[in-house]
Amino acid sequence: MTSSLSHFKIAPQKHFINMAISVRNLTKNYGTQKAIDDISFEVKTGEVVGFLGPNGAGKSTTMRIITCYQAATQGDVILDGVSVREDPDNIKKKIGYLPENNPLYYEMAVIDYLKFCAEIQGVSKSNLEERIKEMVRKCGLEDEKHKKIQELSKGYKQRVGLAQAMIHNPEILILDEPTSGLDPNQIVEIRNLIKELGKEKTVILSSHILSEVEATCDRILIISKGRIVADGSSVDLRKQAQGNELLTIQLDVNGNPGQAPKETLESLPTVLSVTPIAGREHYYEVQSKPELSSKKEVFDLCVENSWYLLELNAIETKLEDVFRELTN
Amino acid sequence: MDKIWIITKRELATFFDSLTAYVMIVIFLGLSGFFTWLSVNNIFVIGQARLDVFFGISFWTLFFFIPAITMRSIAEENKTGTIELLSTKAISDWDIVVGKFMACLLLVLVALLCTVPYYITISRLGQVDHGGIIGGYFGLLLVSAAYVSIGIFASSITNNQIVAFLLALFIGIFFHLLFDLISSTFKGPVGAVLEFLSARVHFDSLSRGVIDSRDLIYFFSLILGGLVLSTTMISRRNWQN
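Going line by line, the protein sequences match chains A and B. The opening position of the first sequence corresponds to residue 3 in my numbering, with each subsequent residue numbered one higher. The opening position of the second sequence corresponds to residue 0 in my numbering, with each subsequent residue numbered one higher.
Since the hints were made in silico from the structure, they are not lab data. Owing to the predicted nature of the structure, the values given are computational and were not obtained by experimental measurement. Certain hints may be false.
[Stated by the list, open to error] Within a straight-line C-alpha distance of at most 25 Å, the following computed DMTMM-like cross-link-like pairs (lysine to aspartate or glutamate) qualify:
{"hint": "1", "chain 1": "A", "residue 1": "135", "chain 2": "B", "residue 2": "1"}
{"hint": "2", "chain 1": "B", "residue 1": "78", "chain 2": "A", "residue 2": "153"}
{"hint": "3", "chain 1": "A", "residue 1": "150", "chain 2": "A", "residue 2": "131"}
{"hint": "4", "chain 1": "B", "residue 1": "78", "chain 2": "A", "residue 2": "109"}
{"hint": "5", "chain 1": "A", "residue 1": "96", "chain 2": "B", "residue 2": "92"}
{"hint": "6", "chain 1": "B", "residue 1": "78", "chain 2": "B", "residue 2": "16"}
{"hint": "7", "chain 1": "B", "residue 1": "2", "chain 2": "A", "residue 2": "132"}
{"hint": "8", "chain 1": "A", "residue 1": "147", "chain 2": "B", "residue 2": "16"}
{"hint": "9", "chain 1": "B", "residue 1": "2", "chain 2": "A", "residue 2": "114"}
{"hint": "10", "chain 1": "A", "residue 1": "95", "chain 2": "B", "residue 2": "92"}
{"hint": "11", "chain 1": "A", "residue 1": "149", "chain 2": "B", "residue 2": "16"}
{"hint": "12", "chain 1": "A", "residue 1": "156", "chain 2": "B", "residue 2": "16"}
{"hint": "13", "chain 1": "B", "residue 1": "2", "chain 2": "A", "residue 2": "91"}
{"hint": "14", "chain 1": "A", "residue 1": "203", "chain 2": "A", "residue 2": "102"}
{"hint": "15", "chain 1": "B", "residue 1": "2", "chain 2": "A", "residue 2": "173"}
{"hint": "16", "chain 1": "A", "residue 1": "156", "chain 2": "A", "residue 2": "216"}
{"hint": "17", "chain 1": "A", "residue 1": "147", "chain 2": "A", "residue 2": "131"}
{"hint": "18", "chain 1": "A", "residue 1": "96", "chain 2": "B", "residue 2": "1"}
{"hint": "19", "chain 1": "B", "residue 1": "8", "chain 2": "A", "residue 2": "131"}
{"hint": "20", "chain 1": "A", "residue 1": "95", "chain 2": "A", "residue 2": "198"}
{"hint": "21", "chain 1": "A", "residue 1": "127", "chain 2": "B", "residue 2": "51"}
{"hint": "22", "chain 1": "B", "residue 1": "2", "chain 2": "A", "residue 2": "89"}
{"hint": "23", "chain 1": "B", "residue 1": "8", "chain 2": "B", "residue 2": "92"}
{"hint": "24", "chain 1": "A", "residue 1": "150", "chain 2": "B", "residue 2": "16"}
{"hint": "25", "chain 1": "A", "residue 1": "96", "chain 2": "B", "residue 2": "16"}
{"hint": "26", "chain 1": "A", "residue 1": "127", "chain 2": "B", "residue 2": "1"}
{"hint": "27", "chain 1": "A", "residue 1": "203", "chain 2": "A", "residue 2": "144"}
{"hint": "28", "chain 1": "B", "residue 1": "8", "chain 2": "A", "residue 2": "198"}
{"hint": "29", "chain 1": "A", "residue 1": "203", "chain 2": "A", "residue 2": "216"}
{"hint": "30", "chain 1": "B", "residue 1": "8", "chain 2": "A", "residue 2": "114"}
{"hint": "31", "chain 1": "B", "residue 1": "78", "chain 2": "A", "residue 2": "102"}
{"hint": "32", "chain 1": "A", "residue 1": "201", "chain 2": "A", "residue 2": "144"}
{"hint": "33", "chain 1": "A", "residue 1": "135", "chain 2": "B", "residue 2": "16"}
{"hint": "34", "chain 1": "A", "residue 1": "127", "chain 2": "B", "residue 2": "92"}
{"hint": "35", "chain 1": "A", "residue 1": "227", "chain 2": "A", "residue 2": "202"}
{"hint": "36", "chain 1": "B", "residue 1": "8", "chain 2": "A", "residue 2": "109"}
{"hint": "37", "chain 1": "A", "residue 1": "227", "chain 2": "A", "residue 2": "238"}
For reference, chain A alone in the conformation it holds in the complex:
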């Protein structure tokens, strides 16, 4: 599997036009430690990109640089043709940002807080009411809007966080671990909300949970130790990481032991190796030769020898494995 991973090459970035976000050779040092190390990637307008990596890989740092919270040591980020180094004020207007841990003014009422955010982001007076109403509706805060933020459950706080990020209708949304700390129901709710929003916006979200990124994103960037180690859709990543076909089969050689099943299986032209799985009778792991499948052959063999085929499973390479492989 390891060998196939070398195919993950990050394509050289040539066309910067029509890209919502273009990150170029970004490096950030904290003292002698490199938080991110020469990262480059691009995000197309309308794309939902998942930023995946273990804790401390540099996800938050990258996001903080894109949102103009921190300055990069080297490199640049261009949003819609504007550099974060040159015109941060302009960029801040285009971005909606939900920081990690979702900091909010807990003592404020939801609606007051949204109004405050809208005013700061320069939403015009005539639009103000309408924007707040729309956000309250979209994020499902109708019943909670007059409550103080500290009285809300974590899931609702997260909705407020999303609402404040989108209050000025930005083209780009940067969400840092939007579902961390939520219960499974809330995760699904927030995920659906992000999906809904992702239809009309460019979104970058970070997570260390794979299934989450897989469920919401068009494209996945895996980042480890400050570098991008993989870039592609979940299907791409899985396909590229997948080695030879792997099957587990269980046979019942009832009354017809004939030849030893292991040797018979090994004699099939498509099979590379057969490994008995310890602890169970006639239970094997069958690896096929590269690019070939042995499913039909195994079945035919059973028919030929009057064996019962009790189980035949194709083991799919999990994205988890890709992730672990790349980030360890």
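Once you've looked at the hints, dock chain B against the given chain A.
Structure of chain B alone, referenced to chain A:
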């Protein structure tokens, strides 16, 4: 300017939604009122229509009262991480600092306005030096602004309100008292410089009703210095270590 006012509004709302504002105003009025009207050296004992006692006591109460107002302003944002949210919105660090400064100063102004009845009462009792009293109020306001600025700076370098409070007092005490005390032991230019640094000297000259450009320059430099340093501290996230 719009943005500054948005911050100011929010900060003021926080003061008045919580007990902070009311407790502070009540304590301030209680202390200054007690010493002006009831204590040993009160106005009736002096027998003159003057507010010197009030200005003298307010000079001290505000010194303690202001760090308690400002300690929260940025330290709390640093602690909860809301500063990250605020500084990634379309507002500059300077606007954030000035907005918070204005809110604290307005709260002090409200407290001072609550003492206007003292002035009215006094003016009914006898012949009043209006210039002196207006100068005194103006002086108090400038001293307050300088201490608010120092307090905001103290709040900007920590995420702990208590530290911010103590630090503001520590920095403040130099201007409030120490420079004045030390200056008397020095002669020549050193003594003159230390005396110029003392807030009391400038406040006394203002409360005599004389508005001197040196006093204004002194206070405005302190205010500006505090604000600039606070802004720098908020932007320190961008420093390259």
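Indices of hints not satisfied (ascending): Going through the list in order, the structure violates hints 21, 25, 28 and 35 and respects the others.
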